[in-house]
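Start from chain P and add chain Y according to the hints.
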Amino acid sequence: MQKYSVLSLIKNAFSSHKDWEVAWKDQDPKKEYDVVIIGGGGHGLATAYYLAKEHKITNIAVIEKGWIGGGNIGRNTTIIRSNYMHDENGLFYEKGMELWRSMSQDLNYNVMFSPRGIINLAHSDAQMNAYARRGNSMRLNGIDAVLLNRQEVKNKVPILDFSDNVRFPIFGGLMQPSAGTARHDAVAWGYARQADSMGVDIVQHCEVTGFDISNGKIKGIKTSRGDIKAKKVGLCVAGSTSILAEMLNMTLPIETHLLQACVSEPIKPLLDHVVTFGAGHFYCSQSDKGEMVMGGDLDGYNSYAQRGNLPTLQHVLTEGIAMFPFLSKLKMLRTWGGIMDMSMDGSPIIDKTHIQGLYLNCGWCYGGFKATPASGFTFAHTIAQDKVHELNAGYRLDRFSTGYLIDEKGLGTKTWIS
Amino acid sequence: MLYIKCPYCGYRSQNEFAYGGDATIKRPELNKEVTDKEWDNFVYLRKSPRGKHLELWHHVSGCRQWIKVLRDTNTHEIFNTYKSEDKVET
Chain P
122 MQKYSVLSLI
132 KNAFSSHKDW
142 EVAWKDQDPK
152 KEYDVVIIGG
162 GGHGLATAYY
172 LAKEHKITNI
182 AVIEKGWIGG
192 GNIGRNTTII
202 RSNYMHDENG
212 LFYEKGMELW
222 RSMSQDLNYN
232 VMFSPRGIIN
242 LAHSDAQMNA
252 YARRGNSMRL
262 NGIDAVLLNR
272 QEVKNKVPIL
282 DFSDNVRFPI
292 FGGLMQPSAG
302 TARHDAVAWG
312 YARQADSMGV
322 DIVQHCEVTG
332 FDISNGKIKG
342 IKTSRGDIKA
352 KKVGLCVAGS
362 TSILAEMLNM
372 TLPIETHLLQ
382 ACVSEPIKPL
392 LDHVVTFGAG
402 HFYCSQSDKG
412 EMVMGGDLDG
422 YNSYAQRGNL
432 PTLQHVLTEG
442 IAMFPFLSKL
452 KMLRTWGGIM
462 DMSMDGSPII
472 DKTHIQGLYL
482 NCGWCYGGFK
492 ATPASGFTFA
502 HTIAQDKVHE
512 LNAGYRLDRF
522 STGYLIDEKG
532 LGTKTWIS
Chain Y
17 MLYIKCPYCG
27 YRSQNEFAYG
37 GDATIKRPEL
47 NKEVTDKEWD
57 NFVYLRKSPR
67 GKHLELWHHV
77 SGCRQWIKVL
87 RDTNTHEIFN
97 TYKSEDKVET
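Residue numbers (the numbering used here), protein chains in the order written: chain P, 122 to 539; chain Y, 17 to 106.
Just chain Y, with the same shape it has in the complex:
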């Protein structure tokens, strides 16, 4: 079982969290003309790396905050967790 450190609540079991996918995906800016290519990148295309992956998790059965988790997709090791507004270099 994954053991995830919520930046607000501390260590909690995976059961309390829901997965939100790749955290490096940026939504196209509002009020701006968006090309089909940009929508395609945002909605469908994913790098899905083997190794370090910055991802969103929702502490849905806890504080209900969205957080970022830097995790290895090969070993499931969690390196660090961040608040959703934190800038993370990957």
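With the rest of the complex left out, here is chain P:
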């Protein structure tokens, strides 16, 4: 593999940049693999990368129905954080933060990780108390958290509405200074390039149509490009999980829902942090190109359509304008949608299944992007060792029937209830 560096950039400038190697190869599927990962999104590619790097398994195929970077890895709002209260989440996502910090070096690919800090706004005394509690829990798990008062928030984000006549006045906020953003497609491309260089086959435009299972053991998969034998199969398909589950006669504690995001026209640097509304569901950051990147609520009904409806967008942006009145003057550049695997407690599932050799990674709800490295790291361990890693031990599939839910915010599929 060609190493990316300033020297290689200068060298290739002499040949007008015509001699760069392809970053990864578009492979045809072979007949047999040790491990097949279904889903070539961030999580699937990261899983393949860590299987090859940490567990020395390289006879792997990553099977993708569309193209690399076309799913949720290219549709999210690029926020990275680990500001969770429960141990299962806090420790898992903090492992992710550790991997994010070194990702550009590890992958030799600039993922533009920008630890600009996230601020969750509080709009009442009770919310300040709740944030103090969450911040303390985070600090006990070694995660940085700072409780900001109104003046401190004002110093950091002066463009917020601090006037007297607002419905939800800002009392303060909880900040995780080490949180931030990264360039999402670079994450997919970086993992794909490294996985490819270690021998992983990346197969695009290949849809899974069925599974070959005998005596409770996985033997392989059926695809639109022929049957593929596999000793182990990992599912990393986010919003499409229920479609594959139906082929496996499994019913899962998840529903597929639609989530929209949007960006405004680019403007000069204005917002230094990621800021979230505390009296609703809205978050905003400014991209390096200057666009305001915004998102919020689900559309609210089961959907596999990767496009949204206007009432939800209007609702979300109303919250945005309540926070940042200047947003009303901006033109919208783009809106888009992606489909989310909403779990019933709002926390993910990374586990073995009742079928030997079949592993499940789903339930990422709103927050799959930040989990990409930690999800790949622990899912690779779960597949390679046939047992869960201590970091994903809480993300069990059977936690709903056994009562070990991880109800971080009491958010499940019916988010509008809470």
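These are computed hints drawn from the structure, not numbers from a lab.
Beta carbons are placed, not taken as given, at the ideal position from N, Cα and C, and that holds for glycine.
You may find that some hints are simply not true.
Over the 10 Å line for every Cβ pair with chain Y, so calculated as not near, a few chain P residues [as the list claims (entries may be wrong)]:
#: 1; residue: 235
#: 2; residue: 318
#: 3; residue: 410
Below, a list of computed lysine-lysine pairs in the PhoX-like style, where the Cα atoms sit at most 20 Å apart [said to hold, decoys possible]:
#: 4; chain 1: Y; residue 1: 21; chain 2: Y; residue 2: 63
#: 5; chain 1: Y; residue 1: 63; chain 2: P; residue 2: 535
#: 6; chain 1: P; residue 1: 146; chain 2: P; residue 2: 174
#: 7; chain 1: P; residue 1: 151; chain 2: P; residue 2: 340
#: 8; chain 1: Y; residue 1: 42; chain 2: P; residue 2: 535
Just chain Y now, with coordinates in the frame of chain P:
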């Protein structure tokens, strides 16, 4: 925007409705011993199909009746709507 035909009020915009989820889920019978498995099926497990989906909607800003809607989760096309007590073959 979805345009939903309430069986009581006629066509109304999506803004007047709240979503209630899968309408084929059956609550375990009252006054009967319910196993953990049955509770699990009722409370947490969902088929979440791609395609035809029979679902509950609440006409919350209208007649406040719960209705059933047969809708395609892939195209958002609404095939038919029913009163909540109607038996619907899916």
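Evaluated hints:
{"no.": "1", "hint": "235", "verdict": "35 Å, holds"}
{"no.": "2", "hint": "318", "verdict": "35 Å, holds"}
{"no.": "3", "hint": "410", "verdict": "30 Å, holds"}
{"no.": "4", "hint": "Y/21 with Y/63", "verdict": "25 Å, violated"}
{"no.": "5", "hint": "Y/63 with P/535", "verdict": "16 Å, holds"}
{"no.": "6", "hint": "P/146 with P/174", "verdict": "19 Å, holds"}
{"no.": "7", "hint": "P/151 with P/340", "verdict": "15 Å, holds"}
{"no.": "8", "hint": "Y/42 with P/535", "verdict": "18 Å, holds"}
Of the numbered hints listed earlier, the single one contradicted by the structure is hint 4.
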